[in-house]
Amino acid sequence: MNALAVIWPALHRLASELPSSAPQGRNIIGAQIAIGSLFSIHILIAGLVSGAAELGPAIEFLGYMRQRRNYDRLAHGLGRFITLYFSVSSTIAILLITVLLVGFWGHFWTTIVTIAWWPLFIEAWTFVLQVSLAYLWYYTWDPLRGFKGVHMAIGGLLAIASFLQVYMIDVVASYMLTPTDPQNPIRLVLNPTSYPLTVHRTVGNLAYVGFVIGAFCAIRFLRARKPEDKVFYDWAGSFGLLWGISLTLLQPVVGYSYAKEIQLHAYSSWYKMMFGTLSPWFLWQITLLGIMFLTATLYFARRLRTNGARGAGLLKAMAVGLVLTTLLAAQPYHLGLTYDAVAGAGLNRPFWDGGLINPLGSMIPWKVLALMFYTLIAIAAVVWYLRGLPGVVWGAARRGEQRLLMLMAVLTILMMVTMGFIRENSRAPFLISGEMTIQGQQNVQPTVSPSPSGGG
Amino acid sequence: MGRIAAVYDWLDERAAIRSLVRKGLYEAVPVRGAWFYTLGSATLVLILLQLVTGIFLTLLYVPSVTEAWASLNYLKQHDAFGSIVRGIHLWSAYILLFVIGLHMVRTFFSGSYKRPRELNWVTGVGLFVLVLGMAITGAFLPWDQAAYWTAVVVTNIPAYTPFIGSFIRALWRGGDFVGPITLSRTFGIHVWLIPAILFPLILAHLALLRKHGEFGSYINYRGAYRSREGVDVPPAPAERPIEPPYPAVPTDELWAAPLQTEDFFPFQTFKDGLVSVVLVIVVFALAVAIGAPLEAIADPSTTSYTPVPQWFFLPLDELLLLVPQQLIPLVLVLPTGGVLLLLALPFIDRSPERNPFERPAVMVPGAFAVLFVVILTLLGSGRLFNL
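Those sequence lines, one after another, are chains A and B.
Each residue of the first sequence is one higher than the one before, starting from 1 at the first, in my numbering.
Each residue of the second sequence is one higher than the one before, starting from 1001 at the first, in my numbering.
Bear in mind the hints are in silico, worked out from the structure with no lab data behind them.
Fair warning: this is a prediction, and the values are worked out from it, not measured in the lab.
Treat the hints loosely; a few may be bogus.
To be verified - To give a feel for the contact side, a few chain A residues facing chain B, derived at Cβ under 8 Å:
| hint | residue |
| --- | --- |
| 1 | Met65 |
| 2 | Tyr195 |
| 3 | Pro196 |
| 4 | Ile379 |
| 5 | Val382 |
| 6 | Val383 |
| 7 | Leu389 |
Think of the CB as a built atom: it goes at the ideal place given N, C-alpha and C, for glycine as much as any other residue.
Please take these sequences and the hints and turn them into a complete structure.
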């Protein structure tokens, strides 16, 4: 009772000192940091869950067709991951919506829910479907062992539900960048960037989960004591990386197409990414992609060399090619923060003429060439590794390869955070391009009604 | 009946019809997965449908810039039957592209291109390219707005070929610009040049198929071969005359005949016939319900028309849109290189393994290529919706 007597007035005093309403628009930077960082964490976990819900059933199917137990074990592991982390991702999403978005940007949230009512409605139901199927898929693994076809069908439905869920939220996210007629739900769903963003994210999530499998298995491989575990984690790490890198090879084309649509329909955002304050981030992103291809190729070369399998020498030569093309991709075009700053200072001429322009860093043709060539080299590296795989003895990998697998996951996470940062900031100061700014959030101000008891 | 039999005997004595029919109808084919093996005959039926409807259309169509559109407009306005025939020609071409693509994918996944069927695959790739050529040249012929602007874009593509590009473009266009000569030359290519290569190639493809037999896929051979170590001794295939003898004999593994076979007639012919009939019904329904569109007559001076590519041209169109002007020649290497790679496939992938799940070094790049085309098509179609 004494403790309560102390705590109660303290709580009462604290409550009286808190603002009576949500801090709408009062601390824009703080709100941006809070929402941005929490969204990044949410996307990192949710992307993994969605990717696992799509990749897991595919691996189960492959295992069934090849009659290999290791595939089944890996798919089962992904099912376990989904059941463990689904709620974490959901909790962050709910916190984001109910506390941060409604609290800080209430006007925006009401508007976007009104506009994107149907996509969000479908999103909610696919969410229910996804969670039901995910648990069903995982917990019926053993009971349905004799009915593998039924179990794989459940997995297939889970993959479809996960894809739909991502697609619906992509509709909303893409609308915010390239808005269309809000009265027309078809135009809303088919807004200019909804297709490229959905393809980009779906492929990206699948690749991301592959890289994370690689890193997780690398850690488990290093800690494994039993030979059969070493065999499994060695194989699964290689499988995850192969899966991840193969899908990432599609991303330059999809990403380029996405950027092209932004150029056509949200020019100021595109300009900011290519020439403005976000251009250094964009440069970092294209460099990071080259580093990812290089890291994967190094893993392939080392893994083949460990067992003396054929192809390691050529893979090393490919790694040299990747270093050169990545260096070309990493060339900055303007040697200042933005092109406008350089042009404003009258220094938009080549550096050998005393300016701050590096022609070798121009997007056309050099960066596009670098993108094309490092992608082609990475395709060749994947094919070469696959050719050499029959000579690999699983379980015999060394520490270096495992470190490369872990590095790949770190690079992927960096890539995802960078891309999210670029996309969200390209709209700034708008939350919905050209229509609603971050500053326009104070429109909803709750009136404070006087307390009947006179406060206290 | 007696007279018919007598006529049959008379013909058989002179043309050996009986043995030809027997050879044609009573070949052993694999049982399992046989519905997948109907795609080849469906392709043939659709090509024949193209031929028949094409002959009908040439009876009325006039390949000149002043008459082409008018002749098709006449069909549209005044000749219901002719309009349906044109619809069948268009929709069977669309479905043909889809079915021949599926047939190729099926052959690729099942590894049916391997020894000794390499030439069958090579002729098949040739047929695919020619059918694509038929579709592209056919798109010029209505001479409406869509046709004209397709002609402008497509005839410009060869210009990016190093050294001889401008010459090829001028040869096709009949000058610097798309005009009357372009239409008559394209018509000539569509109705004479391509069919002159296409039909002999079809015969060669069928003759090779008959020579080597339908391979099927690995599921038809599961457990039917002896490995190097001598394990997995196959259950003896049923004693029956198999003509021509299976298999694609590799040096170190003895491939036997498919575990279960049945006669081509009536079993496989029933499946082939059913799939073909369903496709023809679908084509007919689409021809009646939707028909073949005909836009306004070609107007080279227009500035308000937004050209939309044919759906089968979407992947290349998207690629051309994405890539900067200076790098287009480099991008055009992709489809050219893709076709060359397809032609070379049986000579690159020479291992006896047919199971797609055990051939990752071929399947992953193959699946990647298919995915690449699908994604480009998706991105392109997304762009079309936003016009």
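TODO: Please write out, lowest number first, the hints stated earlier that are contradicted by the structure.
DONE: none
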